[in-house]
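Undergrad: Just so you know, the protein sequences line up as chains A and B, in that order.
So the number in the working numbering is just where the residue sits in the first sequence, counting from 1, plus 67.
So the number in the working numbering is just where the residue sits in the second sequence, counting from 1, plus 1.
Honestly, the hints are just simulated from the structure, not real lab data.
Backbone N, C-alpha and C define an ideal beta-carbon position, used for all residues, glycine too.
Some clues are possibly wrong.
Claimed, not checked - Below 30 Å or equal to it, Euclidean Cα-Cα: the simulated DSSO-like pairs (lysine-lysine) are: (1) A:LYS150 to A:LYS115; (2) A:LYS159 to A:LYS251; (3) A:LYS258 to A:LYS159; (4) B:LYS94 to A:LYS150; (5) A:LYS258 to B:LYS81; (6) A:LYS258 to A:LYS115; (7) A:LYS129 to A:LYS159; (8) A:LYS129 to A:LYS258; (9) B:LYS94 to A:LYS115; (10) B:LYS81 to A:LYS115; (11) A:LYS159 to A:LYS323; (12) A:LYS251 to A:LYS115; (13) B:LYS94 to B:LYS50; (14) B:LYS50 to A:LYS251.
What the hints assert, rightly or not - Examples of chain A residues toward chain B, derived with CB under 8 Å: (15) THR95; (16) ASN96; (17) ALA155; (18) LEU194; (19) THR202; (20) THR216; (21) ASP284; (22) MET287.
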Amino acid sequence: MDNPGTARTPDAHGTQPRDAAHWAQRGTNLHVSDTPEHAVNLNVEGRKVVSPLQGFGPLWQKTYQVRLPGGLVSPEDLVRYWKDHFGALQPKQNRFYAPRSGVAPGEVVLMNASAQGLPVNSGLLVLYADDDSFTFMTPEGCPEAGWITCSAFRDGAETVAQVRTQGRSNDPIFEFGFRLFGAKQQERIWKYVLNHLAAQYSISPEAEATVERVCLDRRMQWGRVGNVWHNATIRSFFYACLTPVRAVRRVGRGRKRGAVSQL
Amino acid sequence: MATQDPSVTVHVRYVTPAISVIDIEGEVTAFAETVLTNAYTAASTNSTKTIILNFAGLEYMNSSGIGLLVTLLIRMNRHKQRLFAFGLTDHYKHIFELTRLNEAIFIYDTEAEAVAAAQGA
Numbered sequence: 068m069d070n071p072g073t074a075r076t077p078d079a080h081g082t083q084p085r086d087a088a089h090w091a092q093r094g095t096n097l098h099v100s101d102t103p104e105h106a107v108n109l110n111v112e113g114r115k116v117v118s119p120l121q122g123f124g125p126l127w128q129k130t131y132q133v134r135l136p137g138g139l140v141s142p143e144d145l146v147r148y149w150k151d152h153f154g155a156l157q158p159k160q161n162r163f164y165a166p167r168s169g170v171a172p173g174e175v176v177l178m179n180a181s182a183q184g185l186p187v188n189s190g191l192l193v194l195y196a197d198d199d200s201f202t203f204m205t206p207e208g209c210p211e212a213g214w215i216t217c218s219a220f221r222d223g224a225e226t227v228a229q230v231r232t233q234g235r236s237n238d239p240i241f242e243f244g245f246r247l248f249g250a251k252q253q254e255r256i257w258k259y260v261l262n263h264l265a266a267q268y269s270i271s272p273e274a275e276a277t278v279e280r281v282c283l284d285r286r287m288q289w290g291r292v293g294n295v296w297h298n299a300t301i302r303s304f305f306y307a308c309l310t311p312v313r314a315v316r317r318v319g320r321g322r323k324r325g326a327v328s329q330l
Numbered sequence: 002m003a004t005q006d007p008s009v010t011v012h013v014r015y016v017t018p019a020i021s022v023i024d025i026e027g028e029v030t031a032f033a034e035t036v037l038t039n040a041y042t043a044a045s046t047n048s049t050k051t052i053i054l055n056f057a058g059l060e061y062m063n064s065s066g067i068g069l070l071v072t073l074l075i076r077m078n079r080h081k082q083r084l085f086a087f088g089l090t091d092h093y094k095h096i097f098e099l100t101r102l103n104e105a106i107f108i109y110d111t112e113a114e115a116v117a118a119a120q121g122a
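Next comes chain A alone, as it looks inside the complex:
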């Protein structure tokens, strides 16, 4: 397997395209190179990434923006700050753990979140990253199938920070959850992130993040009902329920090891 972020061998034309170093070079299965302390690495290892084509529910494109007066920060500096503080900019129920190497192509960011009190442990592949944007792709079992692009660009005298998500709910249970409360919660999260990002540059409260929603495809993909097998919330729930059992087993194993070493 290639190292993340490393450009592949040149193609038949003998040259690498300019974007080569910005794309993940791994295959479609996730691998966590190091698990940060306190992070739960669950529903990630070996999971396949899923594009909006492999999900279940209607396909939504949502664009969140916050505008910063020009001169405060360049798009490149803003994205650099965003990459370095991606986890810290999230609301407290959403914990993201980037690897030591940071938000770099091919790396996996672990996600330990909570939706209405239910745990959602999963991860995100850094599909693409350059100086003014980075994109995550979700794996099987994640609430959404698709990608999330965080970027910044100049628009006249202003610098615009933007999050664009393009995705479908991954399975019928998540679709139900999105309709009930998930979609609203998701919007609150990305607005929170953008507002806190803007706050780093002392933006007044009236410069609040906006959202634009476009439904690209209203159809349900019933052929993808089986995605529910990987549902990260169900798996995280059972994982949490079995925590005492794992603790007892660990103690048992520790005693056994102690007895063997005494022999």
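Assemble chain B onto chain A, guided by the hints.
TA: Showing chain B alone in chain A's frame:
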């Protein structure tokens, strides 16, 4: 028909009444949205069943460009059309595999192969 913005140029060709080719040259990024949408509108006639994207002139593509291709694919599915592609270098073939677009877009090495497949289907 040819359309362009500073970073991308597209040219639409009608191979048969059922098959159109869009030649793409330059960069496929978020800025290519209008150009690609206009090209699709021009390529898609009442009789069009297959649209073939020619990526031989592709110089640069970022994740927003991949997002545009998904949007195009969804639009085509709605019109019961198929999307084929050819001229991808190994690097871009890898990106199509990574993003799993290769599961929905039929990829060929040459235009002749793509057209033959479109006619045979």
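Undergrad: Would you mind marking each hint as holding or not holding in the structure?
TA: Outcome of the hint check:
| no. | hint | verdict |
| --- | --- | --- |
| 1 | A:LYS150 to A:LYS115 | 24 Å, holds |
| 2 | A:LYS159 to A:LYS251 | 17 Å, holds |
| 3 | A:LYS258 to A:LYS159 | 14 Å, holds |
| 4 | B:LYS94 to A:LYS150 | 27 Å, holds |
| 5 | A:LYS258 to B:LYS81 | 36 Å, violated |
| 6 | A:LYS258 to A:LYS115 | 28 Å, holds |
| 7 | A:LYS129 to A:LYS159 | 22 Å, holds |
| 8 | A:LYS129 to A:LYS258 | 11 Å, holds |
| 9 | B:LYS94 to A:LYS115 | 18 Å, holds |
| 10 | B:LYS81 to A:LYS115 | 28 Å, holds |
| 11 | A:LYS159 to A:LYS323 | 39 Å, violated |
| 12 | A:LYS251 to A:LYS115 | 27 Å, holds |
| 13 | B:LYS94 to B:LYS50 | 24 Å, holds |
| 14 | B:LYS50 to A:LYS251 | 39 Å, violated |
| 15 | THR95 | 6 Å, holds |
| 16 | ASN96 | 11 Å, violated |
| 17 | ALA155 | 23 Å, violated |
| 18 | LEU194 | 6 Å, holds |
| 19 | THR202 | 4 Å, holds |
| 20 | THR216 | 6 Å, holds |
| 21 | ASP284 | 5 Å, holds |
| 22 | MET287 | 14 Å, violated |
This entry does not satisfy hints 5, 11, 14, 16, 17 and 22, going by the numbered hints stated previously.
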